[in-house]
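*Asks:* Now for the letters of each chain:
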Amino acid sequence: MFNFKVDDILQTINMIKMHHLDIRTVTLSLSLRDCISTDINETAEKVYNKITKYAKNLSSYAQQVEDEYSIPIVNKRIAVTPISIIGESAKNPDYVLLAKTLDKAAHEVKVDFIGGFGALVEKGCTKGDDLLIEAIPEALAQTERVCSSVNVGSTKAGINMKAVLRMGQTVKRAAELTATQDGIGAAKLVVFCNVPSDNPFMAGAFHGYGEPECALNIGVSGPGVVRAALCQLPKDADFGVVANKIKSIAYKITSTGELVGRDLAKRLDIPFGVIDLSLAPTPAQGDSVANILEAMGLERTGAHGTTAALALLNDAVKKGGTMATSYVGGLSGAFIPVSEDAGMIEAVEKGALHLDKLEAMTCVCSVGIDMVAIPGDTPAHTISGIIADEMAIGMINKKTTAVRVIPVPNKGVGDYAVYGGLLGEAPIMPVNQFDNSVFINRSGRIPAPIHSLNN
Amino acid sequence: MKDSKIIVTIFGADKIGIVSAIAQVMERFEVNIEDISQTTMQDYFVMFMMCDIGKANAAFQDIKNGILEEAEKLKMEVWVQKKEIFDKMHSI
Chain A
938 MFNFKVDDIL QTINMIKMHH LDIRTVTLSL SLRDCISTDI NETAEKVYNK ITKYAKNLSS
998 YAQQVEDEYS IPIVNKRIAV TPISIIGESA KNPDYVLLAK TLDKAAHEVK VDFIGGFGAL
1058 VEKGCTKGDD LLIEAIPEAL AQTERVCSSV NVGSTKAGIN MKAVLRMGQT VKRAAELTAT
1118 QDGIGAAKLV VFCNVPSDNP FMAGAFHGYG EPECALNIGV SGPGVVRAAL CQLPKDADFG
1178 VVANKIKSIA YKITSTGELV GRDLAKRLDI PFGVIDLSLA PTPAQGDSVA NILEAMGLER
1238 TGAHGTTAAL ALLNDAVKKG GTMATSYVGG LSGAFIPVSE DAGMIEAVEK GALHLDKLEA
1298 MTCVCSVGID MVAIPGDTPA HTISGIIADE MAIGMINKKT TAVRVIPVPN KGVGDYAVYG
1358 GLLGEAPIMP VNQFDNSVFI NRSGRIPAPI HSLNN
Chain B
3 MKDSKIIVTI FGADKIGIVS AIAQVMERFE VNIEDISQTT MQDYFVMFMM CDIGKANAAF
63 QDIKNGILEE AEKLKMEVWV QKKEIFDKMH SI
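Same order as they appear, the protein sequences are chains A and B.
Take the first sequence: its position 289, counting from 1, is numbered 1226 in our numbering, and each next residue is one higher.
Take the second sequence: its position 29, counting from 1, is numbered 31 in our numbering, and each next residue is one higher.
If you are wondering where the hints come from, they were derived from the structure by calculation, not from laboratory data.
All C-beta atoms in this analysis are idealised placements derived from N, C-alpha and C, irrespective of residue type, glycine included.
Among these hints, one or two may not hold up.
Claimed, not checked - No farther apart than 20 angstroms at their CA atoms in a straight line, the calculated lysine to any residue pairs in the SDA-like style are these: (1) A:Lys942 with B:Asp37; (2) A:Lys1203 with A:Glu1005; (3) A:Lys954 with B:Phe47; (4) A:Lys1256 with A:Lys1203; (5) A:Lys1060 with A:Lys993; (6) A:Lys1028 with A:Glu982; (7) B:Lys90 with A:Ile950; (8) B:Lys85 with A:Val943; (9) A:Lys1203 with B:Phe47; (10) A:Lys942 with B:Asp5; (11) A:Lys993 with A:Glu982; (12) B:Lys90 with A:Thr1259; (13) A:Lys954 with B:Lys57.
Claimed, not checked - Covered stretches of chain A, going by a simulated chain B footprint (3 or more residues, C-beta under 8 angstroms): (14) 944 to 953; (15) 998 to 1008; (16) 1015 to 1023.
Can you make the complete structure from the sequences, with help from the hints?
*Replies:* See the structure below:
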């Protein structure tokens, strides 16, 4: 009697080979709080030594695990304590130096990105937060692998509109300083509301204050697998059937992530942290969240019904995923980055998907306005307005939202921003041309919302 | 031991000597073949082997490389995976 089911084996291989099932990221989350010093050069040395010590085997062990299960581990990454704290005690602060140190360490241990060059400023900025935000454009221009995130709002604190104003200017400057690469600096910078402290995905990964000394967090993926499963359903299958199909696939994807994560954490001799139940697309054909929505019966993503389809998808992924693992965290939901999703790009090109619809979609999925290229001449206060709207959605709905837009220097609507790799390419989308500067310049905080009278 | 089980899946055009060639690699590494199943799918030959590498004379990676080399000579596609991935993915 056979001790294994050949159909299971063939399905697994098919999911990996044909439908791009992969482990999207294994992210070593590491505290740098013990690296703080009154001399910035000493801090930098401690930071470099700690990262290279803890992460020295991350890439090679991940490769071993990948070989043993034959499932690709696409990215190996590191998330660290928000750097605003790490540099704050120095008498000679230099945040660009710390960014360069992170970059050097990332190269040394062969990880693709290192996240945490950021600050949490939803109520206000400390001196270190101020200096870090000031340094972001230069830091992103002078490094290759460093990612930056700033949390400017939360459901408990409200929205720090002064920070929103500054982040609009910071995004613009980050793009300008990397103009020869279509403003890639802004592609490594994300502004959050209700940021999770254990997110393994970039550009928003960092090691939160309540986290242990270190942990391994896993980001799974597999939009192509979900799409393929939905395509096999009859066109008149009802929504209960659709949701169940997504749940069963999400279970399979997540249990694989749990296996790989626990195995790798054991080899690295560090605690296993969380699995982020996300559907993260790549530019590869078929590995698209937009194509899943279209497989449910929409001609193009952006058609009326898109938000409902995404809500169903997002919820079913969470329900299936939580059955497969006890520890869920991070962003956990479907990502809708335009440049990284061939289906999204096509929807924009066909005129089906606009910025306003993307904003509506972020009300029901995990992230926000993500990897959206906008004209280079977009004023900073307009970018701040995009950020403010997205933060408001997160604050009121008690969820994470984020903005990663790229005002592509010297390019306008009809042009493309081209980054290659996982960041892909993006058609530049128009923004609303009406002025918001009086609103954005008011400063202060939008107060935290009331938690009753919900309507 | 549970984690010493591997599944070898081989796809390709059917020809004489596939089972024998792969079995010889297993013998060289002292890998115990516990179960074999084979089928055809869309004119392709597909063979599944469940093996135990717990008492093998080499590490997983060396065994996998040996099987991959042999499969290349046979012009077959081969997947060598720890069995746990199938157990986890397909059972609740």
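*Asks:* Are Lys1028 (chain A) and Glu982 (chain A) close enough, with their CA atoms no more than 20 angstroms apart?
*Replies:* holds (16 angstroms)
*Asks:* Given the hint that Lys954 (chain A) pairs with Phe47 (chain B), does the C-alpha gap stay at or below 20 angstroms?
*Replies:* Answer holds: Lys954 (chain A) to Phe47 (chain B) is near 18 angstroms, not above 20 angstroms.
*Asks:* Do three or more residues of the region 1015 to 1023 of chain A come closer than 8 angstroms to chain B, measuring C-beta to C-beta?
*Replies:* violated (count 0)
*Asks:* Next pair to validate is Lys85 (chain B) with Val943 (chain A); report whether the Cα-Cα distance is within 20 angstroms.
*Replies:* Roughly 12 angstroms separates the two Cα atoms, so the pair holds.
*Asks:* Holds or violated: Lys993 (chain A) and Glu982 (chain A), Cα atoms, limit 20 angstroms.
*Replies:* Between Lys993 (chain A) and Glu982 (chain A) the Cα gap is close to 16 angstroms, so the pair holds against 20 angstroms.
*Asks:* Under the criterion that the straight-line Cα-Cα distance not exceed 20 angstroms, is the pair Lys1203 (chain A), Phe47 (chain B) satisfied?
*Replies:* Not OK: Lys1203 (chain A) and Phe47 (chain B) at ~37 angstroms, beyond 20 angstroms, violated.
*Asks:* Is the coverage entry for the region 944 to 953 of chain A by chain B consistent with the three-residue Cβ rule at 8 angstroms?
*Replies:* n = 6 at 8 angstroms, threshold three: holds.
*Asks:* Would you mind confirming whether the straight-line C-alpha gap from Lys1256 (chain A) to Lys1203 (chain A) stays at or under 20 angstroms?
*Replies:* violated (27 angstroms)
*Asks:* Mind taking a look at whether chain B covers the region 998 to 1008 of chain A? Criterion is 3 or more residues with CB to CB distance under 8 angstroms.
*Replies:* holds (count 6)
*Asks:* Below or equal to 20 angstroms on CA atoms is what counts here, so check Lys1203 (chain A) against Glu1005 (chain A).
*Replies:* holds (15 angstroms)
*Asks:* Sort out whether Ile950 (chain A) lies within 20 angstroms of Lys90 (chain B), counting only the CA atoms.
*Replies:* It holds: about 14 angstroms lies between the C-alpha atoms, which stays within 20 angstroms.
*Asks:* Is the hinted pair Lys90 (chain B) and Thr1259 (chain A) satisfied, with a Cα-Cα distance of at most 20 angstroms?
*Replies:* OK: Lys90 (chain B) and Thr1259 (chain A) at ~14 angstroms, within 20 angstroms.
In terms of the numbered hints stated before, the structure departs from hints 4, 5, 9, 13 and 16, listed from lowest to highest.
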